[in-house]
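> Letter by letter, the chains look like this.
Number of protein chains: 4
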Amino acid sequence: MTDLTLAAAQTLVATALKTARERNLKPLAVVVYDARGALKCLAAEDGTSLRRAEIARGKANGALALGLGSRAIAKRAEEQPHFVAAVSHLVGPDALVPVPGGVLIRDAGGRLLGAVGVSGDTSDNDEICALAGIEAAGLKGDTGA
Amino acid sequence: MTDLTLAAAQTLVATALKTARERNLKPLAVVVYDARGALKCLAAEDGTSLRRAEIARGKANGALALGLGSRAIAKRAEEQPHFVAAVSHLVGPDALVPVPGGVLIRDAGGRLLGAVGVSGDTSDNDEICALAGIEAAGLKGDTGA
Amino acid sequence: MTDLTLAAAQTLVATALKTARERNLKPLAVVVYDARGALKCLAAEDGTSLRRAEIARGKANGALALGLGSRAIAKRAEEQPHFVAAVSHLVGPDALVPVPGGVLIRDAGGRLLGAVGVSGDTSDNDEICALAGIEAAGLKGDTGA
Amino acid sequence: MTDLTLAAAQTLVATALKTARERNLKPLAVVVYDARGALKCLAAEDGTSLRRAEIARGKANGALALGLGSRAIAKRAEEQPHFVAAVSHLVGPDALVPVPGGVLIRDAGGRLLGAVGVSGDTSDNDEICALAGIEAAGLKGDTGA
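Residue numbers (the working numbering), protein chains in the order written: chain A, 2 to 146; chain B, 2 to 146; chain C, 2 to 146; chain D, 2 to 146.
Hint data in this document are derived by calculation from the structure and do not stem from the laboratory.
One or more of the hints may lead you astray.
Any copy, or any two copies together, can satisfy a pair, since identical chains are not distinguished.
[What the hints assert, rightly or not] Heads up, simulated DSS-like pairs for lysine-lysine below, C-alpha to C-alpha not over 30 Å straight-line:
| id | residue 1 | residue 2 |
| --- | --- | --- |
| 1 | K76 | K27 |
| 2 | K141 | K27 |
| 3 | K141 | K76 |
Okay, chain A solo, but in the shape it has when bound:
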């Protein structure tokens, strides 16, 4: 496998949202970036708050920026808050949101293909939906746990 295809990203998003509906979660925004940090696919369910998609973007964008699932960035924010605050200034307009729900996407061989960010319910539930989507696309998720 080489790059993250739009077909795979769309499967990922569809499954993440299906998982959210099966669990009766709050409305989610789901966003997928490719390995370059380019937006590949995004969907915001009906009823999401005004900047919900930006929060999802910040989870995924931060994960790509540091090469760490956002759960690991959340831990680092506890330990080294000034480091994470500083990185927030240099990751660009897509921001960095240091809570779980930003998951790196890898192929079977471990090569980085991109990242998914999910926001809308608890961070733990957001992450469950991200992982379900990645699995449905036949790929591997790295939450930073």
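Assemble the complex: chain A is given as a structure, and chains B, C and D must be docked to it using the hints.
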């Protein structure tokens, strides 16, 4: 009722300021956004400090961004300071101010119409004025309490 | 119909991309915003350049900011370049791209529901795909022509 | 007369909007800043586009930044486009919009009290409404003509 009208927003602002004068509060800035996050109505009383209106804007804008009254955002900032600090970067130039006084505006059926932000006196007094204004406009306030 | 649903936005994006493949256009990015200016749905085809999605976003975001299809903004940029350059500074990080391919989305009654931006091929072809998507969703496009 | 009062600013805004309705103009946003560049009063009529208030703000904010009515800034943008483009970078998030409709507000003695910005119809009509409002408040407008 569908969208927030300018007439309703003006009633809201006038009543919030009248409430402040009746209680002899410090000079207030009051700002109303519609559900799109667009500025609808604003008034800053004589004697407000240089960036008082921006503080009021940050309370209301943050509430809309997250779909939570700013009292709930204040609580979250205690529990997850890194999350709230991060979201401050992605809510745009109108910023996010995580203290009470940013109140979501809903119609009788619960539909989100916008948000009001008040700043100038204590956060609790700011919120009282916001709620008085919303009630006078025949709408429902959601403080996040 | 009230707000733009995710289902409608997904139909719009799928049809825009199908139209591009039928016409053998270059790889496209297609983005849909709701009337609040919140990202609703986005897809970038395989092979798009690094900031292609941002260009699509700037077309749609600019259309919403000014309430004009981006074809009209392109015309205004010819007549009043300083005005359009200035507005680029205030439309937020999603920017403003004053060429055709940013199309306002209205319901049958003319109410504004959002905007779609398409980028990747010529601006005229981009706009054709945007309109095909809007029509497939049962909605009305306003190109600014 | 000393500072611009909220009462005067509200009279100004109300008269500008009344003038727009009498002339059957498109929906307007009207914003008043005091001499410090602090937002004093703002109203956006129902039906204004997403960033209309920001355009009004940019007209008034630019006028204050340079001490010139925005009609003079528009002329300067024709003659020295690079100067006006550069100033756009340093005027802060409220921006600079170099077209007519940003009018300086002075008292009878010529002392600068603030600025009003109007946007929504043609720039000439926007300016007419700004001047009507200033006159109703018993003050003097300086359009930069």
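> Compare the structure with each hint and give your call.
These are the hints, each one checked on the structure:
For the homomeric pair K76 and K27, the shortest alpha-carbon distances inside one copy (25 Å) and between copies (20 Å) are both at most 30 Å. Taking identical chains as interchangeable, the C-alpha atoms of K141 and K27 lie at most 30 Å apart whether they share a chain (25 Å) or sit on different chains (22 Å). Within a single copy, K141 and K76 get their C-alpha atoms as close as 21 Å, which meets the 30 Å cut-off; across copies the closest is 35 Å, which misses it.
Consistency note: the structure conflicts with none of the earlier hints.
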